[in-house]
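Place chain B on chain A using the hints.
Protein chains: 2
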Amino acid sequence: MTENSTRAIGVAILGMGNVGTEVVRILTDNAADLTARVGAPMEIRGVAVRDLGKPRGIDPALLTDKPEDLVAREDVDIVVELMGGIDPPRMLIREALQSGKSVVTANKALLADYTGELATAAATAKVDLYFEAAVAGAIPVIRPLMQSLAGDTVTKVAGIVNGTTNFILSAMDADGSDYNETLAEAGRLGYAEADPTADVEGYDAAAKAAILASIAFHSRVTALNVYREGISNITAHDLASAKALDCTVKLLSICERIVAEDGTQRISARVYPALVPLEHPLAAVNGAFNAVVVEAENAGRLMFYGQGAGGAPTASAVLGDLVMAARNKVHGGRGPLESTYASLPIAPMGDVRTRYYVSMRVADKPGVLSTVAGEFSSRNISISTVRQEGAGEDARLVVVTHRAPDAALSETVAALEKMDSVLSVSSVLRLEGTNE
Amino acid sequence: MTENSTRAIGVAILGMGNVGTEVVRILTDNAADLTARVGAPMEIRGVAVRDLGKPRGIDPALLTDKPEDLVAREDVDIVVELMGGIDPPRMLIREALQSGKSVVTANKALLADYTGELATAAATAKVDLYFEAAVAGAIPVIRPLMQSLAGDTVTKVAGIVNGTTNFILSAMDADGSDYNETLAEAGRLGYAEADPTADVEGYDAAAKAAILASIAFHSRVTALNVYREGISNITAHDLASAKALDCTVKLLSICERIVAEDGTQRISARVYPALVPLEHPLAAVNGAFNAVVVEAENAGRLMFYGQGAGGAPTASAVLGDLVMAARNKVHGGRGPLESTYASLPIAPMGDVRTRYYVSMRVADKPGVLSTVAGEFSSRNISISTVRQEGAGEDARLVVVTHRAPDAALSETVAALEKMDSVLSVSSVLRLEGTNE
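Read top to bottom, the protein sequences are chains A and B. Its first residue numbered 196, the first sequence is counted upward by one per residue in the numbering used here. Its first residue numbered 196, the second sequence is counted upward by one per residue in the numbering used here.
Some hints here could point you the wrong way.
Since the list can't tell identical chains apart, any single copy or any two copies may satisfy a pair.
The list that follows gives simulated cross-link-like pairs (lysine to aspartate or glutamate, DMTMM-like), each with its CA atoms no further than 25 Å apart [what the hints assert, rightly or not]:
id : residue 1 : residue 2
1  : K438      : E474
2  : K351      : D224
3  : K351      : D228
4  : K321      : D228
5  : K321      : E290
Just so you know, the hints here were simulated from the structure itself, not pulled from any lab data.
The shape of chain A in the complex, shown without the other chains (with noise of 0.2 Å):
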């Protein structure tokens, strides 16, 4: 297609869920709006859905559900994926790419294992595949990776990415709740779905993660080298022994560039629940929130903030990378696709340098701090703070570690397991966010 086109761009939708009703909505109530942006109409050729006998207050004309057929039309320039799932998304999105059709997609399960594949298509065919909306929801944070800080070097990227468990550990420090019925109340307000797991076990945290480890460090991360900890054992002590050392529990997805002393570059990235300073911007996203906290060499510490789930706001997101696609298919040229040319090994988690919070319950008698510290300074680990609570059978000891390689802490957990004078090990987090 020439310059100044005036040929409608033909758009495909795959998937009429929460966010595909609303892109469908977005795409006809601001058509003239986004005709100006764009420089041609975009017009949609068809929306494919499971179930066609299902009311949509659209065309039914529109409706089929054969999207491999939708995807094959020649009058398609550009198809958003909404499915959700690896297949057929998987299929059909490289079918789409190369016949020459850009892609919208906020799949995050697929691009977590297959961008790779996927943007090789795309760089083949040269057409765009976007996904800005595959990483929290309308919150520009994939684009200002790859574009806004292309001149920089990305050295850590944290987040709070998964709304679900975001909303439970806030609703838990605010009022003291225990998990499982916070859960059973998220799933009530629509916050959580029936089967939890792939929020709370921290997948979905952890493929976006892989995601932004990839475009921070041009480097591929698949969902499998992303280390993982999900919020189920996280109780209402955690959370009260947190609020003790000025700290609230979140759920975060980090991604960290790991300088050797020889210079040599590794790859972290990893998911768990960890204490965070009550001072730390993360700290203050309350529910369904996100926010992406990355630090770069130059740029210094940026934080991007808002709503990270829901069908309006991931809709956004979607239309912005549609009306880039769109444009391109006008005017030519098109946005940049991964890059992996750093190829940065991906640290083991035991390597990785963290602080550890460990509460235990300790017997009340003379020298149990004496030996309790002795296992971790065999271990060349150093005490940031110590704190002994109640007394008798509820004597508790909280030690907050500094630094250490991860594999150390571990053992020490598991060597304070095995002593007589621990009763019981009853929590560990880590504690990220500061700057010891």
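Below, chain B alone, put in the same frame as chain A:
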């Protein structure tokens, strides 16, 4: 140039102050990474400086005091303008664009008035004109507004985009100090220039508001369209009063889409110091940091936070633009330019609905409150709170209104100033960031 060309991309840098020096450093230090990201090496063809004699730590053969010759060189593909001021940058950028060179600039004063002319030249020559560094330093704001939100309808942009004034107001808030002594301190610490007028009188913030409003509302907005008040009249008493109302004072750049009942749309762009409630995200942005809150119909409220000034952070934004412009030179295509199709008119300040905080010294006698309240109600302005402070000669009334047209509010203040029972109106500030 064709795809996969490995010819180097020639870069001319105009100006070698704080930002220019950092841009040269990063281009040199990160050459390998930048080459991988662009798809070809970027080579500095020359750096234009005012004083050739000053030692710069780079090959003196690269230096020139004739920027026009550098811009005219055939082996220059991209011009990075970091001189500041209107002339000669305006002419130099125009010539660069007209000869097919892409341009990256951080020149907010120039862009606030001449984006139209420059964007037209860029569109005609089919090259890029990027200026992420012109607003809020390292923080990606221009690209998210132009691209990520390209499919949404922005309703409001409100930002702290001037580091000098935010440093001064934060310090006054923290220690109760006076405006003049804080300004002097800011000068000593390098946060205020010898002539601080452009910062403290809001000219810098107004230029940035014009740029933001133009992009957010797809209309031409220049600095002259921006209503502007500076911070030089802000007193320690204002900060104390703000605190009593659970607020702080911030110099805000506000761009708002005003929709009348009949659907007619207008733009308001304005800069003034305003009370901001402590729970609003902008209230916590302190020191030389910047932050921009964007509200859009579908995305909801987004916030972008980071370092708004300084050599390295601003250079990070310049480099992001430079890599994108170079990438487009290698791969073809170009980024979006100014879009002014909406052509929304500017609403005069008097029509804008705001809230006022009015602090006045009053005669300590019965009936004063009722007479004062009468002046508000006669202009159909509803009062939110009235607080009486002190007694006798120090008697004060502090009135906070609900939203009303700014003209009616300022008329009321003028009337209050003429009342016998009002000894003086000591302070008038707008209140922003509330839902009422």
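Which holds for K438 with E474 at a C-alpha limit of 25 Å: within a copy, between copies, both or neither? both (12 Å within a copy, 20 Å between copies)
Under a CA distance limit of 25 Å, which applies to K351 and D228: within one copy, between copies, both, or neither? So K351 and D228 pass the 25 Å test across copies only (17 Å; inside, 37 Å).
How would you label the pair K321, E290 (within, between, both, or neither) given a Cα cut-off of 25 Å? Only inside one copy: K321 and E290 sit 14 Å apart there, 32 Å across copies, limit 25 Å.
Checking K321 and D228: alpha-carbon separation at most 25 Å within a copy, between copies, both or neither? between (27 Å within a copy, 23 Å between copies)
At 25 Å max between alpha carbons, let me know whether K351 reaches D224 within a copy, between copies, both or neither. between (39 Å within a copy, 20 Å between copies)
Figure legend: structure checked against the earlier numbered hints; every hint is met.
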